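Protein chains: 2
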Amino acid sequence: MSDIINKKELFNNHPLQGREALFIIKIGGNIIDDENKLASFIQSFIAIQGNKILIHGGGKLATKLAKELNVEQQMIDGRRITDSETLKIVTMVYAGYINKNIVAKLQSHNCNAVGLTGADGNIIKAHKRPLKNGIDYGYVGDVDEVNTLFIQNLLQQKIAVVLAPITVDDKGQLLNTNADTIAQETAKAMSKLYNVTLIYSFEKAGVLLDVNNESTVIKSINPEFYSQLKKEKKIFEGMIPKLDNAFEALQSGVNKVIIGKAEELQNLIDGKSGTSIMQ
Amino acid sequence: MSDIINKKELFNNHPLQGREALFIIKIGGNIIDDENKLASFIQSFIAIQGNKILIHGGGKLATKLAKELNVEQQMIDGRRITDSETLKIVTMVYAGYINKNIVAKLQSHNCNAVGLTGADGNIIKAHKRPLKNGIDYGYVGDVDEVNTLFIQNLLQQKIAVVLAPITVDDKGQLLNTNADTIAQETAKAMSKLYNVTLIYSFEKAGVLLDVNNESTVIKSINPEFYSQLKKEKKIFEGMIPKLDNAFEALQSGVNKVIIGKAEELQNLIDGKSGTSIMQ
Chain A
1 MSDIINKKEL FNNHPLQGRE ALFIIKIGGN IIDDENKLAS FIQSFIAIQG NKILIHGGGK
61 LATKLAKELN VEQQMIDGRR ITDSETLKIV TMVYAGYINK NIVAKLQSHN CNAVGLTGAD
121 GNIIKAHKRP LKNGIDYGYV GDVDEVNTLF IQNLLQQKIA VVLAPITVDD KGQLLNTNAD
181 TIAQETAKAM SKLYNVTLIY SFEKAGVLLD VNNESTVIKS INPEFYSQLK KEKKIFEGMI
241 PKLDNAFEAL QSGVNKVIIG KAEELQNLID GKSGTSIMQ
Chain B
1 MSDIINKKEL FNNHPLQGRE ALFIIKIGGN IIDDENKLAS FIQSFIAIQG NKILIHGGGK
61 LATKLAKELN VEQQMIDGRR ITDSETLKIV TMVYAGYINK NIVAKLQSHN CNAVGLTGAD
121 GNIIKAHKRP LKNGIDYGYV GDVDEVNTLF IQNLLQQKIA VVLAPITVDD KGQLLNTNAD
181 TIAQETAKAM SKLYNVTLIY SFEKAGVLLD VNNESTVIKS INPEFYSQLK KEKKIFEGMI
241 PKLDNAFEAL QSGVNKVIIG KAEELQNLID GKSGTSIMQ
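Chains as they are written, first to last, in our numbering: chain A, 1 to 279; chain B, 1 to 279.
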């Protein structure tokens with residue numbers, strides 16, 4: 001009897017013990033733009049056993065549609081200034097075209113999936129970003145809260161959740177939201193219920209020392225090594241926000257963050273490829 | 001004791017007794033196209049207590065976008081021939097722009113809602129329509145099956161379901177599907193679990209004897225009266241498929257079908273306005 005109690009105490013003392021695993025996978029824009037890479041990614045996603053969430057952006061498709069519709073696009077530091085016409089475009093492309101095509105492909109491989117935005121089931125509440133350094137980003141959302149219980153309900157039904165990076169504020173205004181941020185905030189919130197692995201998957205094999213040489217993958221990065229790499233300017237600039245997000249996610253309860261190739265998800269999970277971010 | 005058993009028998013013998021009510025509301029295209037009418041409809045939808053499903057099409061927005069993108073549209077008998085470019089457009093407009101804007105507006109009024117296509121949770125399986133009278137409708141779906149259990153799960157969480165008329169076949173091909181048909185098939189399938197009222201809501205006060213006179217609403221139509229009205233050519237041609245569908249739905253277990261004004265849903269339900277279709 002006392003043995004049972006001791007085991008129970010041990011169980012309760014370890015925060016991740018006994019929790020189910022959840023894989024949250026952000027897919028990069030260059031994968032979405034390439035039909036063959038997207039198909040390989042989907043095979044790789046389907047092969048993951050257990051609870052999983054896929055988060056996608058829109059690649060270049062929103063930019064392409066904006067051009068066809070003569071809606072001028074303004075980017076500042078890689079972020080899209082979202083006026084009302086651009087919001088309409090990203091809502092159509094992200095929540096409509098890309099989201100539903102991914103869901104349909106998953107269904108055809110017997111992977112039950114539901115595609116959602118932050119508005120659906122109030123999954124992700126956000127607010128319109130206030131002026132930053134005098135820049136008005138327009139209809140861009142900063143995340144306030146993730147509704148973990150509704151997501152958990154879907155996962156418990158063995159449904160994969162496919163999230164488009166559109167959120168909503170409390171006045172019913174849709175907002176364009178960075179997909180990396182959605183992945184990070186979802187991972188942080190869900191780590192209260194699951195043992196979460198957050199994967200940023202893209203076209204490269206991981207974080208590279210030489211951005212043109214796939215064999216220079218850094219196997220693991222901890223905060224000290226990261227400081228050193230940044231100091232020596234050995235980190236590709238586009239990778240810095242991803243890594244900053246990764247460390248913040250780990251500090252907020254996410255178990256593991258991995259960066260690597262979209263077609264090799266199981267290898268990333270098994271530690272056979274990619275870059276692991278460690279505390 | 002025997003009294004209790006008798007009551008139970010009575011209960012089981014009546015197919016609708018004890019089942020919860022479910023309101024399935026199809027919203028007409030002219031309402032979607034008009035911002036003020038859409039806002040009134042949404043207020044009216046929110047006011048309905050209990051289980052509810054909203055089914056929308058795309059109004060003229062898909063046609064407008066196709067024009068802007070120089071994608072030629074071909075209509076035969078009011079049905080859109082759906083080539084791959086048109087499929088992309090309707091997926092963007094129906095599943096993206098319209099669906100998510102409706103969901104966001106519902107959320108802002110504290111009506112929890114989830115927007116879905118047939119692909120999500122495999123809610124509506126379909127097949128590509130075969131050639132009909134030599135006409136190839138393209139990527140158009142005919143409904144095979146409605147996944148009632150997933151919809152029921154959402155309704156049990158007090159979530160309103162908002163359905164866009166896009167379905168999927170077993171190969172993962174998205175298909176453009178008539179919204180009236182989706183409403184009818186969903187109503188038929190859900191009537192195995194609920195006491196279903198199916199409402200076709202639009203800009204008119206009901207089925208009119210004189211299409212230009214709102215005061216000529218026919219209060220109720222049964223099959224005999226319908227035959228007579230058709231024979232005397234007193235039914236507006238566009239209304240015939242809706243009425244045919246309504247009678248078929250009633251024969252398949254739907255409890256009640258009502259046709260009437262989108263802004264007056266509660267009055268339609270209470271029998272204070274609109275046209276009731278009866279067996």
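No lab work stands behind these hints, which were simulated from the structure alone.
Please read these numbers as outputs of a predicted model, since none were measured by experiment.
Any given hint could be a false lead.
Just so you know, same-sequence chains aren't split out, so a pair can sit in one copy or run between any two.
Claimed, not checked - Below, a list of computed lysine-lysine pairs in the DSS-like style, where the Cα atoms sit at most 27 Å apart:
1. LYS272 with LYS64
2. LYS204 with LYS60
3. LYS125 with LYS158
4. LYS219 with LYS171
5. LYS37 with LYS67
6. LYS37 with LYS171
7. LYS158 with LYS234
Hint check results:
Proximity of LYS272 to LYS64 under the C-alpha cut-off of 27 Å is found in neither arrangement, the shortest distances being 36 Å within a copy and 50 Å between copies. In this assembly of identical chains, LYS204 and LYS60 lie within 27 Å of each other by CA distance solely inside one copy; the values are 18 Å within and 43 Å between copies. In the homo-oligomer, the alpha carbons of LYS125 and LYS158 lie at most 27 Å apart both inside one protomer (24 Å) and across protomers (19 Å), since each shortest distance falls under that limit. Proximity of LYS219 and LYS171 under a CA criterion of 27 Å is satisfied in neither setting, with 45 Å inside one chain copy and 38 Å between copies.
Taking the shortest Cα distances, LYS37 and LYS67 sit within 27 Å of each other inside one copy (24 Å), while across copies they are farther apart (32 Å). In the homo-oligomer, the alpha carbons of LYS37 and LYS171 lie at most 27 Å apart only across protomers (19 Å), although the nearest pairing inside one protomer, at 38 Å, exceeds that limit. Neither within a single protomer nor between protomers do LYS158 and LYS234 lie at most 27 Å apart by alpha-carbon distance, with minima of 42 Å and 52 Å respectively.
Of the numbered hints given earlier, the model fails hints 1, 4 and 7; all others are met.
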